[in-house]
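Residue numbers (full-length UniProt numbering), protein chains in the order written: chain G, 1 to 461; chain H, 1 to 461; chain R, 1 to 461.
Check the hints yourself; a few may be wrong.
Note: identical chains are not told apart, hence a pair may lie in one copy or across any two.
[To be verified] Listed below are the simulated DSS-like cross-link pairs for lysine-lysine, each with C-alpha atoms no more than 27 Å apart in a straight line:
id: 1; residue 1: Lys385; residue 2: Lys291
id: 2; residue 1: Lys434; residue 2: Lys285
id: 3; residue 1: Lys109; residue 2: Lys385
id: 4; residue 1: Lys109; residue 2: Lys444
Keep in mind the hints are simulated off the structure, nothing from the lab.
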Amino acid sequence: MNKNSSDIMALAPKTSNKRETVCIFGTGDFGRALGHKLIQSGYPVVFGSRSTRPSSLIPKDAEVLSHAEAAQKAAIIIIAIQREHYNFLTSLEEVLRGKVLVDISNNLKINQYPESNAKYLAQLVPSARVVKAFNTVSAWALQSGTLDASRQVFVCGDDMEAKQMVMDIVRALGLTPVDQGSLLAAQEIENYPLQLFPMWKFPIFLSLGLTTFFFFYCLIRDVIYPYVYENTDYSFFLAISIPNRICPILALILLALVYLPGVLAAIIQLYRGTKYSRFPDWLDKWMLCRKQLGLVALAFAFLHVFYTLVIPIRYYVRWRTENTIISQALNNKTNPFNNTNGWLSDSYVALGILGFFLFVLLGITSLPSVSNNVNWREFRFVQSKLGYVTLILCTAHTLVYGGNRFLSPSSYRWYLPDAYILSLIVPCIVLVVKFVLIFPCLDKQLTRIRQGWERNPQYSE
Amino acid sequence: MNKNSSDIMALAPKTSNKRETVCIFGTGDFGRALGHKLIQSGYPVVFGSRSTRPSSLIPKDAEVLSHAEAAQKAAIIIIAIQREHYNFLTSLEEVLRGKVLVDISNNLKINQYPESNAKYLAQLVPSARVVKAFNTVSAWALQSGTLDASRQVFVCGDDMEAKQMVMDIVRALGLTPVDQGSLLAAQEIENYPLQLFPMWKFPIFLSLGLTTFFFFYCLIRDVIYPYVYENTDYSFFLAISIPNRICPILALILLALVYLPGVLAAIIQLYRGTKYSRFPDWLDKWMLCRKQLGLVALAFAFLHVFYTLVIPIRYYVRWRTENTIISQALNNKTNPFNNTNGWLSDSYVALGILGFFLFVLLGITSLPSVSNNVNWREFRFVQSKLGYVTLILCTAHTLVYGGNRFLSPSSYRWYLPDAYILSLIVPCIVLVVKFVLIFPCLDKQLTRIRQGWERNPQYSE
Amino acid sequence: MNKNSSDIMALAPKTSNKRETVCIFGTGDFGRALGHKLIQSGYPVVFGSRSTRPSSLIPKDAEVLSHAEAAQKAAIIIIAIQREHYNFLTSLEEVLRGKVLVDISNNLKINQYPESNAKYLAQLVPSARVVKAFNTVSAWALQSGTLDASRQVFVCGDDMEAKQMVMDIVRALGLTPVDQGSLLAAQEIENYPLQLFPMWKFPIFLSLGLTTFFFFYCLIRDVIYPYVYENTDYSFFLAISIPNRICPILALILLALVYLPGVLAAIIQLYRGTKYSRFPDWLDKWMLCRKQLGLVALAFAFLHVFYTLVIPIRYYVRWRTENTIISQALNNKTNPFNNTNGWLSDSYVALGILGFFLFVLLGITSLPSVSNNVNWREFRFVQSKLGYVTLILCTAHTLVYGGNRFLSPSSYRWYLPDAYILSLIVPCIVLVVKFVLIFPCLDKQLTRIRQGWERNPQYSE
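Isolated chain G, as found in the complex:
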């Protein structure tokens, strides 16, 4: 860095409040939007364009010159041109020597070209100093000034001064520059704005599939069956009762699926006797979206909690309570208190509350700002120890909810067991296998493997 500090001194008279001129190549939408914003922030702006006729589209205070003339007027040149038209820049090589070229281009799909646009630009004009920036900002947002989303502008480049100059402009526009290092990072920065929740796809499709399955399962058991056999219309169960069956089931299954890959990985490592061979691809992918799986599970748990808490407010429930009481009163009958039921009802609810509490805690620690503030040991403690306690509490909650109805024949309708019984399969498997894995003999070996020991060294990849 800093090989041309005399150069920079000439370009950037930073000690005065006057801003240095910025040149923009290209008068397309983003170029104009950026020009407007730069002028608002006090920068003289000059556009470089093929046609130098002043166009009404271009901000009034900006000059429009030929590319070569415009480039000579400024130390920083923002290239607001499509990558396909970059090659004309080679003819300007002499003018661009030592200038800071800011590549703001985006692609239409991820990894569209073998090298990043910024790298391509640097290869075309090797004498210039290329900086990647601004591609993560929307032109519309820049124009309207309503940057509610991230104000972060990722900046990368091989020349430190060039990067500093661009970062100063970013700050002057009211945005937050984030230094991403050398130009190698450009590829990633260019892919960044193209993605739409990549890690969320699998958890969301999985939960949509499971929701559909359990929806029809419950529909058959809870609405169609009584309609056929008792001729009662429980269609209004679709609004709350059935969602409140689906939500806890999905929350429990998805939570168990968060911990299943860890258990599978441990089994694979024990079997192979090494940690240095890669896991199967599906397992790697699964492990990478555990956080998202857990958060979707938390969303279902949240819905379950509120669907449950409104129970006493529902018209159906109030009507049923009233009718029960009135008919008992008319029959002069009182129920004695059943201590077992008291215990079952209270402990099932208490387990649920504690499980939900820990679940919310896990969710909070997965917030980026919180997880950045805990070290690896603390994170493992929360996500692994507390995570398993949550899974145990939620499984116990479901088991006690079943209580003495559990597996009783009367709860089968058309040979279909209650839906919550299905939801117990995955969590119980995970907990049993985990329980086996923490037996000292297995645990010791696993720990040794994870510390780098290998049972069978030639197995190593």
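Since the structure of chain G is provided, determine the placement of chains H and R on it from the hints.
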């Protein structure tokens, strides 16, 4: 940067644990507090003062010298003096040559002076390297060591080495330096500690005004009216019933007001046929505080949820239920189940729960650490798509809540409709206009305008 | 910095996509894991080892050479060796001249050695440029690629270019480098991964102690007493009723304990007449964990809210309600509505909801990403003003809950008052003292003291 690396080598023997001496000009409160803290962190401290008599106020381990003598002892001089007294520094020009001057001053009001204090200092002593820092830290917090608030210290300056030296001191004091770029940023940094939730003022005053209005509206309808006509004392409604009418109304109106400016902006753009003319000032300001409006709306929704969930616990509700049941039992009367009521009650509650769930999701994505981790497309998806779904759900929740009572003459008291009917006006307008705007013909034109097309190019500003 | 830019130009041909070779000294677990990861990210890796026989443990694509040979091949050498074996590096002094040595070591306990490992390394090989990095990352996480926890890698070092080179590698591995300044920071970085929620210990042990005490207190009053005197089995109270007594009590006491040290500090300062003398050690420590105390209190409040909201769902409560109604119906008796009870019940619940709402708000503002976005004035406003309002609301909630039962003799069992009465002691003391402290005469003096005035200058430390 780095033009005087020999200089810096002399100043900062960084490879030894010994800290370099720091000089503080001024023995006021902040200077002393900083001195204490520096001494605690292992820095030799020398104070520069007009009177060099050792004062009991000054930390024991610190030396007190004349300004010139003190300045000669250190490479870094912290200027803990009011801006009004800076001009005596011109006489020390020779001594201060090449030194790092740290401007820590604050002003009493925003933009008090035409240039920032740091810039003013740099103009007074052009041969020194000025760095702005520490002004966002409270002396009291520094003293007591209880920095619960942000530990961030904004640092800016034109000289990289000087900034690095100051940032090292900041880190040594246990604070987090945040590089804000060149000295141009000083103005903003000096304004920063003076503001008190600037973006929250409008949302909070607006919601206070609306709360007052709806409070008296509900008071008249729900407490005074029955008192006058039925002579019943419902004054205890003030505690829960009336707040639980006001909260959902405000949540819905404020949520609609989050989306209204976007709709208005679209209409203005369609009418003008360009995106390059500025919106009216009030619309710009409104758009900038949409996030805050939304969060205030979420607060009201949160209160509404809990006010609603406690309903069955309230003495009044339990008393009413008991009395209804007892009188029915005594009259030997049972109610048949009304399927429509079952549907209405359950779907109104379910819509509310789903709306609240998405609302909380929107709130979570507006946390800085979360919104920094999503790109522009993802943020737009959540805040625009999910936001409208939330608005639709909440509006539907209110409509179904009204159910068959909606606009029935018996719900008018003193010609005043139920308050929730008033709350539907804004959201319904927003939803209807938005619905019109997504008609293909309008949507296409709007998209073209937002991509830079202009119907009437000479209109451009 | 930058004294050897010609050197760096030779080392890092950054403008090509080819990565520079990285050398790793040591073939232990972390060295191998890092080697794997580097190779995956496209870096040629060469291991320096005593035995240069290619071992099956070492990644296939890596070369294994003697230390000296390996070091010559790369500009960056990662020292994956225990600190105890560092001294052999002195013999390589010539080869290591100007190289970047990356110290990744960790210790077994906090402050194990007088100087940090990185500093020790820098002293051993003064001609090399030492950078501390990677010690906060777990080898296991690096290996499996499942870095759910913080991706932050703290980097520090005295040489800017060396630090930049290491930070580029960190970014290439998909991690986030965080510049912590000069090598002085190494000590703190080495201690970082060793701690396990250090600030949480006191709040958690305190709340465990209090929970145990109140658990037995309530057990005696609410389960054993009725068992002895009325021979009724309320053992199922253990699941919900007793936790729902303990939670609000702990929430209130812990919240009051958040504000008690501030009040004590004010008294001490008023008494001493200065702010420049240190507080007793216990008070300092107490003040430093106030945030954690508050969050534990919030957790208890959260549990209390949900334990309360499920009340109407509980079998016991439903049974009791039914029985009361039936017996009243059978006795032909109706209760008149009691307006005072309506007021008491509703206002106690409303105060609780408002208190919980503000409590959640306080919790949200203590999220790092939120508190970093508010300045000192805003933080003080929220944490101090809103905090006291929360305490007042929660105390009032408890007082009104007591209502007319408060201190009535019938609520004593075995001379033990209701547990909630005990919980009022600390908050009432805090509120009363705070109320006295905001009397103008005391408040003025306190403000003067906090601005640096001293009643008795020679008292100063």
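Going down the list of hints, with the structure as the test:
Within a single copy, Lys385 and Lys291 get their C-alpha atoms as close as 15 Å, and across copies as close as 23 Å, so both meet the 27 Å cut-off. Taking the shortest Cα distances, Lys434 and Lys285 sit within 27 Å of each other inside one copy (21 Å), while across copies they are farther apart (39 Å). Taking the closest pair of Cα atoms, Lys109 and Lys385 come within 27 Å of each other only across two copies (22 Å); inside a single copy the shortest separation is 40 Å, beyond that limit. Taking identical chains as interchangeable, the C-alpha atoms of Lys109 and Lys444 lie at most 27 Å apart only when they sit on different chains, with a minimum of 23 Å there against 47 Å within one chain.
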